[in-house]
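Start from chain D and add chain C according to the hints.
Here's the letter readout for the chains.
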Amino acid sequence: MAVIEYIEAIRLGMKEELERDEDVFVLGEDVGVKGGVFTTTKGLIDQFGEQRVMDTPLAESAIAGVAIGAAMYGMKPIAEMQYSDFMFPATNQIISEAAKIRYRSNNDWSCPIVIRAPIGGGVFGGLYHSQCPESVFFGTPGLKIVAPYRAYDAKGLLKAAVRDPDPVLFFENKKCYKLITGEVPDDDYIVPIGKANVLREGDDITVISYSMPLLFVEQAAQELAQEGISTHILDLRTLQPLDQEAILESVRKTGKVLIIHEDNKTGGVGAEVSAIIAEQLLYELDAPIMRLCGPDVPAMPINPPGEKFFLLNKEKVKEAMRNLALY
Amino acid sequence: MGKSGSIEQQSRHAAVGLTDEQAVEMYAMMQLARKFDERNLLLQRAGKINFHVSGVGQEVAQVAAAFALDRTVDYYLPYYRDYGFVLSVGMTVKELMLSVFAKAEDPNSGGRQMPGHFGSKRLRIVTGSSPVTTQVPHAVGIALAAKMKKQKLVSFVTFGEGSSNQGDFHEGCNFAGVHKLPVIFMCENNQYAISVPVHKQLAGRVADRALGYGFTGVQIDGNDALEVFRTVKEARERAIAGEGPTLIEAMVYRLSPHSTSDNDLAYRTKEEVDENRAKDGLPKYRQYLIECGLLTEEKDAELLAGIKKQIDEATEYGDKAAFPSPESVLAHVYAGDAGQGGDI
Numbered sequence: 001m002a003v004i005e006y007i008e009a010i011r012l013g014m015k016e017e018l019e020r021d022e023d024v025f026v027l028g029e030d031v032g033v034k035g036g037v038f039t040t041t042k043g044l045i046d047q048f049g050e051q052r053v054m055d056t057p058l059a060e061s062a063i064a065g066v067a068i069g070a071a072m073y074g075m076k077p078i079a080e081m082q083y084s085d086f087m088f089p090a091t092n093q094i095i096s097e098a099a100k101i102r103y104r105s106n107n108d109w110s111c112p113i114v115i116r117a118p119i120g121g122g123v124f125g126g127l128y129h130s131q132c133p134e135s136v137f138f139g140t141p142g143l144k145i146v147a148p149y150r151a152y153d154a155k156g157l158l159k160a161a162v163r164d165p166d167p168v169l170f171f172e173n174k175k176c177y178k179l180i181t182g183e184v185p186d187d188d189y190i191v192p193i194g195k196a197n198v199l200r201e202g203d204d205i206t207v208i209s210y211s212m213p214l215l216f217v218e219q220a221a222q223e224l225a226q227e228g229i230s231t232h233i234l235d236l237r238t239l240q241p242l243d244q245e246a247i248l249e250s251v252r253k254t255g256k257v258l259i260i261h262e263d264n265k266t267g268g269v270g271a272e273v274s275a276i277i278a279e280q281l282l283y284e285l286d287a288p289i290m291r292l293c294g295p296d297v298p299a300m301p302i303n304p305p306g307e308k309f310f311l312l313n314k315e316k317v318k319e320a321m322r323n324l325a326l327y
Numbered sequence: 001m002g003k004s005g006s007i008e009q010q011s012r013h014a015a016v017g018l019t020d021e022q023a024v025e026m027y028a029m030m031q032l033a034r035k036f037d038e039r040n041l042l043l044q045r046a047g048k049i050n051f052h053v054s055g056v057g058q059e060v061a062q063v064a065a066a067f068a069l070d071r072t073v074d075y076y077l078p079y080y081r082d083y084g085f086v087l088s089v090g091m092t093v094k095e096l097m098l099s100v101f102a103k104a105e106d107p108n109s110g111g112r113q114m115p116g117h118f119g120s121k122r123l124r125i126v127t128g129s130s131p132v133t134t135q136v137p138h139a140v141g142i143a144l145a146a147k148m149k150k151q152k153l154v155s156f157v158t159f160g161e162g163s164s165n166q167g168d169f170h171e172g173c174n175f176a177g178v179h180k181l182p183v184i185f186m187c188e189n190n191q192y193a194i195s196v197p198v199h200k201q202l203a204g205r206v207a208d209r210a211l212g213y214g215f216t217g218v219q220i221d222g223n224d225a226l227e228v229f230r231t232v233k234e235a236r237e238r239a240i241a242g243e244g245p246t247l248i249e250a251m252v253y254r255l256s257p258h259s260t261s262d263n264d265l266a267y268r269t270k271e272e273v274d275e276n277r278a279k280d281g282l283p284k285y286r287q288y289l290i291e292c293g294l295l296t297e298e299k300d301a302e303l304l305a306g307i308k309k310q311i312d313e314a315t316e317y318g319d320k321a322a323f324p325s326p327e328s329v330l331a332h333v334y335a336g337d338a339g340q341g342g343d344i
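If you're matching them up, the sequences are chains D and C in order. Just so we're aligned: 324 in full-length UniProt numbering is position 324 of the first sequence, and the numbers increase by one with no gaps anywhere. Just so we're aligned: 64 in full-length UniProt numbering is position 64 of the second sequence, and the numbers increase by one with no gaps anywhere.
Only chain D is shown next, with the shape it has when bound in the complex (with noise of 0.2 Å):
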């Protein structure tokens, strides 16, 4: 099995969809010719043509719009946001159509489109550029969120994305396109939407996280484990709907619980998990639940230093974990 880039895996992805089913498309600023400006959709155009692999006029809420009507004809669109700063314009014809389009219409017309769109910073890519914009979409019912981690999952996502029968918004992590590499089958498999994954089994705490901060939670785990603490850490994977009985099952596990994510704390998914977690468990559990996510600020700033304030990394993600372990 070839172990490949997290970003080569999104590509194989949509390359594997755009062969199976002739009414896949991809669409977005810089698609085409250019392959996108992280070289996401590099080398698509050359194999499917300008038609299937479509540069658009530089418009997002007519990105989202076109791709909702095609879908609605019975196409099955990827429409890329060039980062997921500039999906908010967008916003309206995901949240007030894309999301309603089934419901709506009592099950009569429906809308399977993919939205892609780069989260994260840690690029210096200042205020737009770097932001994580989860929690803006989170808890709209219609519509699925996924954030992958591994390369697996990220290839595996993305074709069942496409395949989904409702709108999913897909949050790949720019930091992790060449940073995160893995092995990744090159035959036809998804992994399923709203099913969450154990990344190492462990006894006295659990981390439960998505997307970039994994790494750190994976590095930091292993340093802990010379330390004697023990991690289980879970991967969400998919933000909407979230799998509820993973997240209690490893919660019951070690009675601990740390919840990580780069979006800001207020409001984040993280309280939404945390508050399952407090539904369900309260006395099940050893410690208060605890939280690290980047702060209530608006994003974070391109200037070095500030940059890395805001950011997680392993040490700020080790020095939580071995807090909740001494509680």
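Check each hint, because a few of them may be wrong.
Each computed EDC-like pair below joins lysine to aspartate or glutamate, with the alpha-carbon atoms no more than 20 Å apart [claimed, not checked]: (1) C/Lys284 x C/Glu21; (2) C/Lys147 x D/Asp21; (3) C/Lys150 x D/Glu50; (4) C/Lys149 x D/Asp21; (5) C/Lys150 x C/Asp208; (6) D/Lys42 x D/Glu29; (7) C/Lys180 x D/Glu29; (8) C/Lys152 x D/Glu22; (9) D/Lys42 x D/Asp186; (10) C/Lys103 x D/Asp108; (11) D/Lys178 x D/Glu5; (12) C/Lys149 x D/Asp55; (13) C/Lys48 x C/Glu105.
No wet-lab data here; the hints were simulated from the structure.
Same frame as chain D, but now just chain C:
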């Protein structure tokens, strides 16, 4: 006076490609839409329904446009005043009444949405929402998909002049222009966005915006049924020939208040409304048919009696039909979740 065929000079409707039967059928549809609308205003005032948003004054343009499309293949994205349009493409008064009363059998939304939020996959009426103009990019997406699948059809989308200021209008038009897509944009310029008059909405003409997007834009008299028919028919021919979109600005006047929650005399005068009532396209078209010998006072009375009966029956049916079950609120958030809400 005999039938149009016996007149030496070709009649206007024949010249634009309408048979005598179609010309009369159009009139019947306009009257049906008008009477349906008036009935709803009455039902709301009587406390039988909660809300009605009216299209009185715009039926002529709506019906004529629908008749100019290919009603076996085209896709429609009507806006909330388009009763005349949806009736003309196959929705029945009974179906509309089920929507008005928000009943389970309503094919538009199963009693979930406000009246005027049309949708029917069977009739290719694409489901719509309340935030205005979101349907414009959808129409463009459908036209794009049709082009990709090499299907000879057009998507037809309507909106008001207020809506034409939304970003989605501009983004959609530009996208359609770039890809020369088979889509027809029709603005029903009824002079008011709720209370805001057209001079506070637009500094120029909506039709002229087409120039900036690289396709044809025309402003027409929306009270002239045959002019609307001809314009939409030509736009469709261009679209099918691969010549791209057309933007049509049909000039009409909203004769009724914005909705049953609106008092229009707070922002416009009765004199202004009366002046525009005199320009109403419906009696004008009626007069045209009489002059052509296609309609008589007797035939008209017969037609109106039939419409009244149809609306009476539909009203009774809608009124008596069952509401959706309360628990059905949880269904159809996602595919395959009937009865279980968001869980999948």
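Hint compliance check: list the failing hint numbers for this structure, sorted ascending. Number 5 - this is the single hint that the structure violates.
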